[in-house]
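> These protein sequence lines map, in sequence, to chains A, B, C and D. Mapped onto the working numbering, the consecutive letters of the first sequence carry residue numbers 1 to 101. Mapped onto the working numbering, the consecutive letters of the second sequence carry residue numbers 1 to 382. Mapped onto the working numbering, the consecutive letters of the third sequence carry residue numbers 1 to 641. Mapped onto the working numbering, the consecutive letters of the fourth sequence carry residue numbers 1 to 181.
For the record, the hints were derived by calculation from the structure and aren't laboratory data. Computed from a predicted structure; not experimentally measured. Note that CB positions come from ideal geometry on N, CA and C, so glycine has one too. You may find that some hints are simply not true.
As the list claims (entries may be wrong) - Some chain A residues close to chain C (C-beta under 7 angstroms, calculated; not the full set):
#1 V18
#2 V21
#3 L22
#4 V93
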Amino acid sequence: MPLAAFIAVSAALFFIGVAGVLVRRNAVVILMSVELMLNATNLAFVAFSRRLGVAGERGSVFVVFIFVVAAAEVAVGLAIILAAYRNRPTVDVDQLDEMKG
Amino acid sequence: MPVGPFGLDPLLWAIVRLLIAVVLVVALILNSSLLLIYLERKIQAVMQDRIGPYHTGPFGLLQTFADALKLIAKEDVRAGHTDVAFFIAAPALVFTPMLASYVVLPFAPPLVGADLNIGLLYLATLGSMGVLGIVIAGWASNNKYALVGGLRSAGQLISYEVPGILSLVTAVLVVGSLSMVKITETQTGPLVNLFVLPLAFATYLVSSLAETNRTPFDLPEAESELVAGYLTEYSGMRWGTMLALTEYGNVVVVCSIMTTLWLGGWNGPGVAALPILGVVWFTLKVYALILVFMWVRATLPRLRIDQLMSFCWKILIPTTLLNLAVTAVLLIAFPSTLVPVAIANWILLVAFIVLLPVVQQRRLRQLRKTLRARTAAAGVAS
Amino acid sequence: MSVDVVGLVWLVPGIPLAAAIVNGLFGRRWLHRTTGVIASVALGLSAALGLAIFFAVLASGGQPRVVTLYEWIGVGDFRVDTAALVDPLSATMVAVVAGISFLIHIFSIGYMEHDRGIHRFFTWLPLFVFFMLTLVLADNYLLMFVGWEGVGLCSYLLIGFWFEKPAPYTAANKAFWMNRIGDWGFTIGTILTFLTFGSLNFHEVFDKVAGVAQTQPLTITFIALAFFLGATGKSAQLPLYSWLPDAMEGPTPVSALIHAATMVTAGVYLVARSTPIFADAGSALVVVGIVGAVTALFAATIALVQVDIKRVLAYSTVSQLGYMFLACGVGAPIAAIFHLATHAFFKALLFLGSGSVIHATEEQDMRRMGGLRRKMPITYWTFLLAGGALAAIPPLAGFWSKDEIVGAAFTSGHQILWSVGIGTGLLTAFYTTRMIYLTFHGEPRDHHLYDHAHESPPVMTVPLMLLAAGAVLAGLVLGFPPDAGFIHRFLAGVVSAEAGQQPEAPNYVLIAVLAAVAVVAALIGIGIGYAMYARRRPDPAAVSRAAGPIYTLLVNKYFVDELYDHRIIDGGRALFGAAWAFDAHIIDGIVDRLAWLTALIGSGLRRVQTGVVGNYALSIAAGLLVLIVVYGGYATGMLHR
Amino acid sequence: MLDFLGLVVFAIFTIMIVGAGLGVVLANRVTTSALLMAFTFLNMAGMFVLLGAETIAAFQVLIYVGAITVLILYGVMFTPQTPRAYGLFFQKQTPWGAVLAALAALPVIVVAFSFHDAKTVAPPGGDLNALAIAVFNSFAFPFEVASVLLLAAMVGAIVLVKRESPAAPPAAPLRRSEPPR
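Chain A with its partners taken away, still in its complex shape (with noise of 0.2 angstroms):
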């Protein structure tokens, strides 16, 4: 398989994650989207890792890696949306705009 059709794939995906986070309001849907452009730059990885085929597996360690700053996001992210509900009952991130200048 061409490594450039994977490439394209993990990009496309990324960039609907960015558009995600970008467009959505909710903060939940919000971090699906981050999670979708982590899970993009795992399939670069992989792909890339295997360019040469045998040349270890470092490309897909960054990806263990990636799944464990994943979980512990989705964790604190988690978290985070669940105390700001509490403190203001909502889950739109742009009506929690406390910090406006």
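Once you have looked at the hints, place chains B, C and D on chain A.
For chains B, C and D alone, coordinates are given in the frame of chain A:
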């Protein structure tokens, strides 16, 4: 142009093979589930000094088939305001991972769906996927009991996955492979892993009881408090798929894992000469474990949800972690023999069984003390 | 086996510091009264080591030695070490300071027993000793300045020890501010020293003084005057003396230690230490002598009419310090140090005696005392001995040292200063007699007070007796025969104006005549005092009525405080007001305008901060786009580095 | 022939991933989004299998589907979603965001296709051994750091979500024991 078996095109053969395998496995699951339900009812009856089903067929053998036909024939009922798509998707989401698990089960040397070198990891993965379907089922039912049941189930399954996988890892450390076939092949003699890692077996048995939602961990469908948990709104064959097929199918899967890892899988007298004989040994061992499951169900009462969670996080996970660490250290210290590991594991098992009631007693005393203190404080306050 | 005692010199200030730290950290919670024992034990060790060093220096024939602890500042050629200069002068000072501090600490255990703030007291008192020892041991002006400021700080803290009452903290502030003026002089002197000599180390500076004095005599004079300004502040000379009487608001042991025996002598020590500079400073030395003599007379006249026992002693201290500066001014720094040492004994004893009386009666006004001799015999007798020493009655300690100073004034050709010294001696004898009579003799004037009076506990009387021994013997041991005694030989190499020269053989006939004149003057003073207060002939009240305006002037201390308040402080207020206005309107005005401008820009830019997370994410994505474009530009060669 | 099969499977996965990804962003219900996200993850696991990374694929399903999706569903269920018009599911800056994302995506995808010559080669015998050796030898220290990160995240999440323990005791059993007033 390469030609596959029966002179078929390989591409076509792949598809045909897939279809045959799926049909075979579905049939297997269906029949084994029906048999298991019959067995369950009969065994419960015997243990509770009853007779059990006896009307339909000889010894009531056809009772479960009649039940299944009734379920299939039933009207497809949905409550109002259910989330249609999710409501329909949930049973499939629960059933499919269970079905996919059968791919790697090593029934006999010539009878293995696929010898993945990550076989055990694959099984663990599919085991964790079932949670999703249960949560969705609870959410889509638009029913408080169902939702609470679904959330409880998700919490329970995610929690008990941890000690389960830690127990598996302990066993994998000893056998040195994730492939189900290779694991089986390491235990050709009578000294199977059960004698080396009894504590890991015990902890996995407990956590697999919880993962299959069986008593004493059947909180998600606790009748007395939650009607039927996430199954409340389901009826007909959807209910049949969710409960009968999936639950008993999962029981078979976890028992197969235990058989493979700890009881030597298909190995038994005569297998070397006649490989297909392995199916018999495998099935016998699996059914023996299933009998243990049923025995437990008939004996133990149900836990409360907080007891369930604190048992997992405060007792089971520390125990399995300790077991894993001890096993790993001993394996590195004595790379050529398993005797120290076995001794340590037996000691740990005895310690676990002896200390468990002591620890629980202490926790109970403390709980009562705090409750009394709170009551006293409230009395003062009011 | 021989121990290098001098090498351990850093322990002498180190042990009190450790005690101060321990008491400061743990005193309030756990130690309470134990702090007194800890501090006293530490001071005991310190004093023992100080005496050992004194004798070690004595044994080595007075060779100066520098013990370097570590390099403090090293910038280019400028190098200041934390180092101790151990020579006869500093060894004498260490022995005196550490020894008297030890006795006063023991006394304080009894005196402060019932005070709530005892842990504070025993934190600051060892801390003061640490700074005082740092001051006397320093081998350069900068480290000396650290000790100088440190003793000022501790003095401030201890004067205001009872800060709940208004008088002590006002007095503390006054002391602090007056000392600031003196410290300013010290700072100027230090800076000028560095600019002139390129070093602050005593030895390096003194080696160069003679050469520099040839080319820049005015600079040397100015440095000397600046240091002398610092000395007047710390040692309470005219015109910066008025804080010392007020400092009597502190606890009496503090008055004894800081405001009589040790800290106030720091100015004398500074002048004595800087003898090479002052010797070449020409007219500055005359200024020192005149200021000392005038202060001595001035303070003695005020002491005549004070009724507060501690204030009498305070003015007496100012007067005696004036004697010391007089000695420095007439070229007899050894006599100044000699008097410093004897004065430390008998004035500390006087203060502790008065502290014992105050402790017994809880009263400071002499008019309400009287007849206490029978109630407090030990206190009375030790006080009497110290008073005799103060009045320069032979053979008590004060006689030898004061007589030497007065004699030096005469032999150096300053007859006017000599007559002032004799007159002051007469006045001193008079007010000492008056003080003793009013306090201890006659009939009790306040029976309630009298009935409650009692002799102090041994923890207080034992130090009194030890100090009394010092007050009796110190003069004989250190200073006999006159002008050629032990202390002269010991210190000659360090502080004599012409170091190394063999002093001329003293003219004993002249000395005897001068001493006789001084003793007669003192006896006349005692006689007048006895006549007025024991025989009531003439009656003191009648005398004060007859003196009229002079009496008023003296009771009001020449209106110096009022002068300072109304003239100098008002003038200062006007100046400071103008400076404040400049600061508030010009400096702050510029800052305010700048802040206003920043706020204006910020209020425009704050619209960018919408607080909406999405907007921030959008800007991050925009940044990503820019990165992609720039990176792509380089990668494809459309942009060039 | 098998190459062709692989291509077909790849095409199916691609369509599923992109379609489900778009669905996550565009779906008007959060639950739908969550399920579609899980579906995306599953298909991504398929992609990994195609690349010969079965272990990664297994981890992908285990962590993303088994843990992260369930966590997110929990989050959805604990924060009630108010029903409202579809348009209001998007932020005010939606046009800007969409345009920006598209603008950034274009050059990246163009660059991605510049790898058209490179081939991916699946390692023989799976990636399990190579991955394990890499993680536990060369990357042992980062692995430990990652475990510390997870611990910190766990503690942080608990602290963030934990409520102040209510001082008031459970009321029901008390009332019974009190005398009526």
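> If a hint holds in the structure, say so; if it does not, say that too.
Hints, verified against the model:
Taking 7 angstroms as the C-beta cut-off, the interface hint given for V18(A) holds, the closest approach to chain C being about 6 angstroms. Here the hint on V21(A) is kept, as its CB sits about 5 angstroms from the closest CB of chain C, short of 7 angstroms. Satisfaction of the interface hint for L22(A) is found here, the shortest Cβ-Cβ separation to chain C being roughly 6 angstroms, below the 7 angstroms cut-off. Among the interface hints, the one on V93(A) holds; its C-beta lies about 4 angstroms from the nearest C-beta in chain C, closer than the 7 angstroms criterion.
Checked against the numbered hints given earlier, this structure breaks none of them.
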